[in-house]
Amino acid sequence: MLLNPLVLLANFILVPGLAYGSQLALGALGVTMVYAVLNFSNFSHGEVMSFGAMVTILATYWLQSIGLSISPLPTALLALPVGILGSIGLCLFLDRLVFRFYRHQRASSVTYLIVSIGVMFVIGGLIRFIIGPDDQNFNDGDRFLLKAREFKQMSGLSEGLAIKSSQAITVVTAFIVVAAVFWFLNKTRTGKSMRAYSDNQDLALLSGINPDRVVNITWIITAGLAAVAGTLYGLDKSYKPLVYLHLVLPIFAAAIVGGVGNPLGAIVGGFVIAFSELVLTFAYKKVAAYLFGEGFFGDGLLQILSTDYKFAVSFMILVVVLLVKPTGIFSGKSL
Amino acid sequence: MTFMTGENMVGGYGSANILNCCSIFVDLGEIAVVVGPNGAGKSTAMKAIFGMLNLRGGKISIGGEDITALAPFERVNKGMAFVPQTHNVFTSMTVEENLEMGAFINSGPIAGIMEQIYDLFPVLKEKRHQCAGELSGGQRQQVAVGRALMTEPKLLMLDEPTAGVSPIVMDELFDRIIEVARTGIAVLMVEQNAKQALAIADQGFVLVEGENRYTDSGTALLRNADVRKAFLGTN
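Line by line, the protein sequences are chains A and B. Following the working numbering, the numbering of the first sequence begins with 1 at its first residue and continues without gaps. Following the working numbering, the numbering of the second sequence begins with 1 at its first residue and continues without gaps.
One should not assume that every hint holds.
As the list claims (entries may be wrong) - Restraint ranges, calculated between C-beta atoms of paired labels, are given here:
1) B/His87 x A/Pro81: 32 to 42 angstroms
2) B/Glu209 x A/Arg100: 31 to 41 angstroms
3) A/Lys325 x B/Ala71: 35 to 45 angstroms
4) A/Asp212 x B/Ala199: 41 to 51 angstroms
5) B/Lys229 x A/Arg96: 54 to 64 angstroms
Unchecked claim - No more than 30 angstroms apart at the CA atoms, straight line, and that leaves these computed lysine-lysine pairs for DSSO-like:
6) B/Lys195 x B/Lys154
7) B/Lys127 x A/Lys187
8) B/Lys125 x A/Lys187
9) B/Lys78 x A/Lys187
10) B/Lys154 x B/Lys59
11) A/Lys237 x A/Lys152
12) B/Lys78 x B/Lys154
13) A/Lys285 x A/Lys147
Note that these hints are calculated values from the structure, not bench results. Note that the structure is a prediction, hence the values are computed from the model and not measured. C-beta: ideal position from N, C-alpha, C; glycine also.
Let the hints inform the model, and build the full structure from the sequences given.
Okay, here's the thing in structure tokens:
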């Protein structure tokens, strides 16, 4: 009778963790690439995600108004390229307007950090001007790939396993995007020149690698990743500007846990943070009831932390990693 | 008319001048060596020639063309290649990727040039898929020189290529550098091992306090009694 508790865990931890982890991984990949190439912690990344999602949502509304749909998939997937272009435009514009100035000054990383926080607030304000602070429900695709009731009927178990279509789309899209980014970084000349520039800036200049080009391509990829991550998160959990401000913390935690500057680390870090949050805030009462019988541990929910404290999990992991292994799991650059 | 000339260069970091009217030149197919005591401005002169230091005076030209105002990566396009003393390989990338990055400005096929580099440094071919950061000091220097040669330069500049390698490896590196020069490339290098370096040099420069103290052919400098006593530690 181990199956019921396992399905329970899969339903509430494994499936949501894979989806949330993919979203964090995509976000952290963007943060880590900016850190690797441009050498600063870009706190405005969460708002860039939000901006990309916003443009996608507006494009989705327009597509819906002219009656275009790719049902059962959400229309947002069709609108996603517009969102990607939107956030690429935003990032390149911000680089011209703000970051390039500090790059030419060879500003310290602390200056950059403060600047990026300023940029974060400006983008955040812009988003609230355009789309407002409220929830936007734009997911018009099929809700479920697998319904809990169907699963119960199929398996005959008393616990159900539900897979939302947005979760499946998230994992599949994230996998494709991450594979494409790794292929680009490891196999193409431009990708290799980005790694070279990140490895040794002076030597890259000596080799005739044009720094402006590397910087632009980094922004393009980062912005693209941000738009995809932001849209997937919005599809999965509904879009609300404030949420993206909060998302910056777990994303940075993910990048640092994995080893900031290391793309593979960002992916692993994303899943580490996502699963830690879920594992620590899950109420194990029902699982214990299956394993040890009802009421074995009394009436408690058997929850380590209330879900209200889920951000504390990222903070705790962040502090522990910075104390014990500041370079992260995959030994990125130390902050 | 020599291929590359840096005439009367004046410059330094901040307000102080490190180079005070220093002139360095080298011709195609020849090896020019810059020697001198610590702090004489040898490495600074190299940086100035490559455009990594703003000059307050003097002029640098290559093949008759004035390049004093060009940025380093533009000088790469003019046929210059520079191997810095330290941090001269991409440590997180494989040997092959290092060479590939060296040929970045070359949009054509690079397999042929890479094969030539592997012929020159056979050990690199063996380790082509290994990270450059995992190699020994001597092998790293070979990667560094190989990377610079991938641009098919007309002028190869080396800043202390034998720093921190064993004497045997040093001899081997010098042999390779001679081979490189024989292919018609101008080689300009700064060296601590003055005696061995001047022995293979067509042209030698002894710098002191940012000025040319002696300028002559390598063999003439080796025979010069003053140079021997003051800079080579022999009689």
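**Request:** Tell me, in ascending order, the numbers of any earlier hints that this structure violates.
**Result:** none
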